[in-house]
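*Asks:* Chain by chain, the residues run as shown.
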Amino acid sequence: MMRDRWRRALSHTVLILSAAAVLLALVPLAFIFFYVVTRGVAALNLDFFRRMPAPVGELGGGMANAIVGSLMVTGLGSMFAIPIGVLSGVYAAEYRGTRFASATRFAADTLNGVPSIVIGMFAFGVAVLPFGHFSALAGGVALGIMMIPLIMRTTEELLLLVPSSLREGALALGATRARAVFTVVLPAALPGIITGILLALARIAGETAPLLFTALNNRFWSTDVRHPIATLTVQVYLYAISAYEDWHRQAWAGALVLVTMVFLCSILARLATARLERLHRGA
Amino acid sequence: MSFPRRTTRRDELLFRGGTGAFALLLIVIVAAIAFELGRQSSLSIHKFGWQFWHTDVWDPVAEQFGARPFIWGTLYSSILALLISTPIALGIAVFISELAPQWMKKPLVFLTELLAAIPSIVYGLWGIFILVPLVRQFELNTPSWLKATPLFHGPPVGVGMLSTAIVLSIMVIPFTSSVAREVLKSVPQAQREGAYALGATRWEAIRMALFYARTGIIGAIMLGFGRALGETMAVTMVIGNNAQISTSLYAPQYTMAAVIANEFTEATGDLYLSALVEIGLVLFVMTLIINALSRALIWSMARPARRRASRPALQAAA
Amino acid sequence: MKPARTFFTAALSTIALAATLSAQKVQITGAGATFPYPIYSKWFAEYNKLHPNIEINYQSLGSGAGIRQVSSKTVFFGATDGPMTQEQLDAVSGKILHFPTVLGGDVPVYNIAGVTQQLKFSGPVLADIFLGKITKWNDPAISKLNEGVSLPGTDITVVHRSDGSGTTYIWVDYLAKVSPEWKQKVGVNTSVNWPVGLGGKGNEQVAGLVKQTPGAIGYVELIYATQNKISYGAVQNAAGKFVTASTESVTAAAAEAAKKMPPDFRVSITNAPGDGAYPISSFTWLLLYETPQDKALGKVMVDFMNWALTDGQKFAPALGYAPLPASVVELEKKALLKIKL
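In order, the protein sequences belong to chains A, B and C.
0 is the number of the first residue of the first sequence in numbering that gives the first Met the number 0; add one for each residue after it.
0 is the number of the first residue of the second sequence in numbering that gives the first Met the number 0; add one for each residue after it.
0 is the number of the first residue of the third sequence in numbering that gives the first Met the number 0; add one for each residue after it.
Chain A with its partners taken away, still in its complex shape:
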């Protein structure tokens, strides 16, 4: 009797503690979000989305080129990182126990801990120096490298959690390993994998240091992947450390746009996944 009461009390306490944890995390979030929104909204106007950065003293500059640039560089990075991350995660999950899979996992965890500036230095040596100029492509490479470990590890962990009965069932029906994985197991783990990709995107969307040595930045409009390109993070950083009030306000607006973009991307991806899940379950 007593024991039961104790166990129930413990259970309730844990419930309360975990609810408290959620609140504890949401409080700074509210703080920070409020801070970004109030400061950013003031400088947000149509010009911001249409104009290029103006020099000091001239009001009304914008970050149109940086918005497009950020999208491009993130897109390039994703194109590079998603195949590598997902497929190496598939390998590590399917051939778990082999030394090669262990090595891959180890490599991914190590890569995750490398500071973004070191990756920038590396990408500089590999994607800028041999070609003799900064470029959006090099920026994509740097960001892509940072995304790989997150995508790989989440893919792997989630594939492992798919019940083996699913995999075995597919194989029993005569599917090749590839077909079993790609048509049965991977879709089952897809929502989680999308989470991994989104986390990776969120991670790199806010990065400045690796872009400084690869994509550099560009005052002018440019969508050429072989040239330096403007990005929101670098532009926000440059403005934030300047001495000018107007630039500070624009920096906040830029930060707000950045956060909103990532957030929207996350919502869209989740909606798409939910639809996929429904289809999958329905079938």
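Calculated directly from the structure, the hints in this document are not laboratory data.
From a predicted model like this one, the values you see are computed outputs, not experimental measurements.
Hints are not guaranteed to be accurate.
[Claimed, not checked] So these bits of chain B aren't anywhere near chain C, every CB distance computed over 12 Å:
1. 21
2. 34
3. 60
4. 79
5. 157
6. 292
[Said to hold, decoys possible] Examples of chain C residues lying across from chain B (beta carbon under 10 Å, computed):
7. 47
8. 71
9. 90
10. 91
11. 92
12. 163
13. 171
14. 186
15. 191
16. 198
Ideal placement from N, C-alpha and C gives every residue a C-beta, glycine not left out.
Use these hints to put chains B and C onto chain A, whose structure you have.
*Replies:* Showing chains B and C alone in chain A's frame:
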């Protein structure tokens, strides 16, 4: 009627080779980074050797470089961040996946992921303008008996280890909690039902799920730790950037990533640059060691399960 | 039929060709010092207004990065707050020329409760404060220079830069000239081993820390002090006069140096002679190759430099920089002719 094609050895090899090639690419990238780091820091390695790891001086003019204060700062701040963030992150993961009513789940997920979407520079700016003054107030109002302890001693400047630990843990929480949440979600329902059937309370069922998914949970924690180790921008804005070793939470200190970020672009002189790259190498090696340790931890946790599986208990497989 | 088609194809291609030629964009990338970033961004924007097809993209990575990038030719021109050393110049394949573009100065900013008057500092006193030898505001060395100002006994909190920077270079270059102890103990570089104090990242954070910490003293570029409305002191120059930083006093420092300007313009003008000279001033330089890889781009840069040295200078004061003295501009125009186009 078409018969299913018999799977051939070739199919298997293609699959293994195909996905394996990408895995190999990952390893190659990491190896290339290690190689580049080693190559560019060779000047500094030749000059200082092992001394580099336990010298405290960082003098660009006299060209004397030592990494110990930075190693300390990185480890101290990351471990503190881990201690603060892990219980909160797991609490959130547990709440969302096990306890929250259905209508609450999606919004809570969005909100935690919003934390991950905030750029590190915004964390840094929020840190300097909002958090640091708050911490400074806290430091000013510390009772003197607490101030005498090595953990809370020093002038109340606001910037320092405490502010850094707080900012880092906020940044790490969404990573750990998102992965932990996904991992918990994938624990088969049958496991939980089995636990309830045996009379478990909510908490006991949750505990069982956590245990089932323990390697994934450790993986989630390690992802968060890796994030903390490498964080540059936000840290350099709130840590005070002072190369000293101190246990005090109030003391301004310095991390490896921060010193590289601060001095790399302005470093003149080959030895100076090489020393900075060597700090990058030290960080890289540290990450390797920590990974190896956590791997050992996971392996040791997995072993008892094989013995326990034969026990008729909550952990019985479905 | 056939002739008509040929005609149309020819016409279309001619139009297309003409269109491409007239819209031929010239894109040049440069990187380097953060100190002149505001004025360079102004200059390149103004120049772009005059020549809409010329896009010069300058990014402030830092002087060290600027030197490295231009040395490895990943950018077309570089910019630095501290001149390249002989070793750095020797290491480059090709000859790099220095061109001073504008002048700036560092000011000592402080935050002392109850003190609203402008304080006077001498070089040795500043050095001793940053060495940690003078620790309180009412130290006799400081009060001797500021008779009539009641200084409290507050502790001095030194704030310096945590990141490497040209601003630091100028400051420690000056301290080394006025204090043998500083020169021997700490030395000169974009980043040094500070004996005491807190490190702020960037001018902005130094200004912020000084503003928020009672009893603090720091150093920032003039523009940060004026924009953030922090009190800054007057500094005693080599002639013994206490001078406040301003466009005139900074330009005066350069004018003196112009009389003994070395042909490659690599000179430090801290602690310059002359009654009106502000002692913590410095040039900032643009780095160009004597033999540019791309002659067309080289011509554009020379044209730009000629514009910047004359018309461009008028934008300087509003942004907190001092224009170059006329004597220096003349010398530079002659030097620009050295570039082989």
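*Asks:* Among all the numbered hints in the text so far, which are the ones the structure does not match?
*Replies:* 3, 5, 7, 8, 10 and 11
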